[in-house]
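Number of protein chains: 2
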Amino acid sequence: MITDLQNILSTNIKGMKRSAIRELLKFLGQPGLISFSGGFPSPLSFPIEELKSIIAEVMENEAAFALQYGTTEGDDLLRTMLANRYKANGIDVTKDNIIITTASQQALDLISKMFIDPGDDVIVGLPSYLGALQAFGSYGANMIGIPMDDEGEDPNLMEEALKDLASKGKKPKFIYLIPDFQNPTGITMSERRRKEMLELAHKYDVLILEDSPYRELRYEGETQRTLYELDGTGQVVILGTFSKIFCPGFRIGWVVGNPDVLDKIVVGKQATDLCTPPFTQRIAARYMEKGYLDPKIEDIKKMYSVKQKVMLESLEKYMPEEMKWTHPQGGLFLMVTGPEDLDTNALLLECIKEANVAYVAGNSFFCNGKGYNTMRLNFSYESIETNIEGCKRLGSFFKKVLQK
Amino acid sequence: MITDLQNILSTNIKGMKRSAIRELLKFLGQPGLISFSGGFPSPLSFPIEELKSIIAEVMENEAAFALQYGTTEGDDLLRTMLANRYKANGIDVTKDNIIITTASQQALDLISKMFIDPGDDVIVGLPSYLGALQAFGSYGANMIGIPMDDEGEDPNLMEEALKDLASKGKKPKFIYLIPDFQNPTGITMSERRRKEMLELAHKYDVLILEDSPYRELRYEGETQRTLYELDGTGQVVILGTFSKIFCPGFRIGWVVGNPDVLDKIVVGKQATDLCTPPFTQRIAARYMEKGYLDPKIEDIKKMYSVKQKVMLESLEKYMPEEMKWTHPQGGLFLMVTGPEDLDTNALLLECIKEANVAYVAGNSFFCNGKGYNTMRLNFSYESIETNIEGCKRLGSFFKKVLQK
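Chains as they are written, first to last, in the working numbering: chain A, 1 to 404; chain B, 1 to 404.
These are calculated hints, taken from the structure and not from any lab test. These numbers come from a predicted model, not from an experiment. All C-beta atoms in this analysis are idealised placements derived from N, C-alpha and C, irrespective of residue type, glycine included. Incorrect hints may have been included.
The list that follows gives simulated cross-link-like pairs (lysine to aspartate or glutamate, DMTMM-like), each with its CA atoms no further than 25 Å apart [what the hints assert, rightly or not]: (1) B:17 / A:263; (2) B:168 / A:4; (3) B:170 / A:4; (4) A:52 / B:57; (5) A:17 / B:260; (6) B:17 / A:73; (7) A:14 / B:120; (8) A:17 / B:263; (9) A:203 / B:4; (10) B:296 / A:62; (11) B:296 / A:57; (12) B:17 / A:117; (13) B:52 / A:62; (14) A:170 / B:4; (15) A:195 / A:151; (16) B:14 / A:96; (17) B:14 / A:117; (18) A:309 / A:298; (19) B:14 / A:260.
For each label pair, taking beta carbons as the anchor points, the in silico distance ranges come out as [what the hints assert, rightly or not]: (20) B:368 / A:118: 26 to 36 Å; (21) B:402 / A:260: 36 to 46 Å; (22) B:94 / A:156: 51 to 61 Å; (23) B:76 / A:221: 39 to 49 Å; (24) B:57 / A:119: 46 to 56 Å.
One chain only, chain A, in its complex shape:
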């Protein structure tokens, strides 16, 4: 073995840590552990029977195509199906506005590769999705976190940040937003706030990255128009994924945007993995073509809305009154906030060992290194009964902690 492995690592990788969430996966095997940690969909949401017949058809009719290399842009049929679906929802795109990625995490990586030189600024929510922070960080981005209220990122603080950068002759490479059922807070951006964000993006000539993995999973309230639609000028890029509405095991995501932007992403993707698996892409395309996706999403919404309701009720019942939490209208997560001096990071292992419940310590989502008194809970993965039991255990655990 070479003698100086640690020394010859790239600057960016030296600064990277293993994902707290991915590392938690190791505990998932622990007997009786209740996991509120990952962003796992319920296995009961997977369309296993539909897939059986579709896969058999693909293997019968087009195996030689599906098992071969594909184009870097992605399966044309899948891109067309996605474009048609956006069009049906009032978003005017064709397949040329869409490329397929190896789930949306790869889109985050490729967009980082495309824009970020070490030290470049990027604006994110405070808090925001850990995987995005990791992707941006892996290219040396300087992240500027904008605190959120219950309508989304604060527009005044956003403008302050943009003005401050402009005063130094700089602008951020992009603004990263998750307008629908944000990860980790579950907060949905109001239409007014969406328009304010777009005004700022236009005023300061900045691209917006609209990450929308949970958008389809609304359990109550009115659907908000996407930033992409409200903008209409090509200044917004949407990231989509099948991971929460179909299955994560296929690793299929996509980017919707201006062809000029997509073209550069494709160049980066050629060097990164050549193409997303044509096999899973073709199965997904046929699945959409047969019209299975939309009824399935309705099923999933029914399933998760009950789980969410039960979790909210259980938290109300079992959590100490010093703790508060968000009340999302959809998605997979909610965020709990405790007293200022609570440290969910320090308590996590104890909670897993004593209460046999896992959460994600909120600190991971705060690019400013704060948020120690918060935690993210997922309600999609465990069964209703287990969600109740988990909240009960979590409540007892934190009651004991706060009494000390």
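Go by the hints and put chain B onto chain A.
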């Protein structure tokens, strides 16, 4: 749309071009086009019938697992199967020495991310695999090309390069080699040369990246031991892939190496795509478990050895005598060299339009911007008859060109 897209791109992406090979894929739809260009396996090599039954079993018995998120390291069963297969071939590894990647292109990307800061040196063959040059280049590597003879990279020139760097207080981040049926030349490194490379790697304390996508496809001569085995000290990292011996459409590759190196790759992969599709990984694991892989490789070798023989005979018959080519003992490619002033780059479109044959202009494989008089031909994709017809057309085309 923002006004200055070109200006705000990262330094690395500004320097990247679309892959010549990936772009050629666009012509594959042209009627009657004979493609010697891609590194496509024959669709007849895909184990469609075996896969039908395995996929049905996976969907019946373990769909909820295969459709869910997986660990970043990869499917444990697949890693175990791969480790067992290496062990059976005399290479002493366990699953802890193996991680799964989204085909070996991703391994090249992740290893680049792990080691390369802009301006860092990397040693490659002259010529070498275009996708590797792109991956290294996408992180700003400075590539030092070492000319090859018929035993592989020249050890004297290699030592000169290492000495020269050392005299400047530098060393390369790694030496990238494809010892078996190299891409694009088809050349296999002799055992003597392998040992010389390892001596240099030890003397100068440099990691070797042993890319081995074609290793299993030997049609004549004796199998050489891997650099990994000859080394035995953990200074070599192997990149493997199913793309040429199973199917590329699953996008499954792997890295074999010292756990310290793998650990850093995993950290990078978490931010890049979270995990390789668990669905295709589990199918591949069951395929190996049932013992299908090795007999299939024997079938593929029989199929391709005939194709290679036919291409060599046809080139002999049809090509102008000013042109020479390599005579590989395996793999998917051979390299043709013409007179010094030939420019295969400039002639490619003409060749596609007039002769309806596509090759890859050799220039793409030379990190020093040379090699204009070379081209790479693939013999695995087209049928035997088409290979003959393609060589005939290619021969007429170049005879005409050289007579001018």
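Q) If you check the beta carbons of residue 76 (chain B) and residue 221 (chain A), does the distance land in 39 to 49 Å? A) holds, 42 Å
(Q) Quick check: does the Cβ-Cβ distance between residue 402 (chain B) and residue 260 (chain A) fall within 36 to 46 Å? (A) Given range 36 to 46 Å: holds, Cβ gap about 42 Å.
Q) Is it true that the CA of residue 168 (chain B) sits at most 25 Å from the CA of residue 4 (chain A)? A) OK: residue 168 (chain B) and residue 4 (chain A) at ~18 Å, within 25 Å.
Q: Could you say whether the range 26 to 36 Å given as a hint is met by the Cβ separation of residue 368 (chain B) and residue 118 (chain A)?
A: holds, 28 Å
Q. Can the restraint linking residue 17 (chain A) and residue 260 (chain B) be considered satisfied, given a maximum Cα separation of 25 Å?
A. holds, 14 Å
Q) If you draw a straight line from the CA of residue 14 (chain A) to the CA of residue 120 (chain B), is it 25 Å or shorter? A) holds, 15 Å
Q. Regarding the pair residue 309 (chain A) and residue 298 (chain A), is the alpha-carbon distance no greater than 25 Å?
A. holds, 17 Å
**Q.** Given pair status - residue 117 (chain A), residue 14 (chain B), alpha carbons within 25 Å
**A.** Judged against 25 Å, a Cα distance of about 11 Å means the pair holds.
**Q.** Proposed proximity, residue 57 (chain B) with residue 52 (chain A) (alpha carbon, max 25 Å)
**A.** Given pair residue 52 (chain A), residue 57 (chain B) holds - Cα atoms ~10 Å apart, limit 25 Å.
Q: Take the C-alpha atoms of residue 170 (chain B) and residue 4 (chain A), compute the straight-line distance between them, and say whether it is at most 25 Å.
A: Answer holds: residue 170 (chain B) to residue 4 (chain A) is near 13 Å, not above 25 Å.
Q | Outcome of range test on Cβ distance (residue 57 (chain B), residue 119 (chain A); 46 to 56 Å) | A | holds, 51 Å
Q: Could you grab the alpha-carbon distance between residue 17 (chain B) and residue 263 (chain A) and see if it respects the 25 Å cut-off?
A: holds, 11 Å
The earlier numbered hints are all upheld by this structure, with none contradicted.
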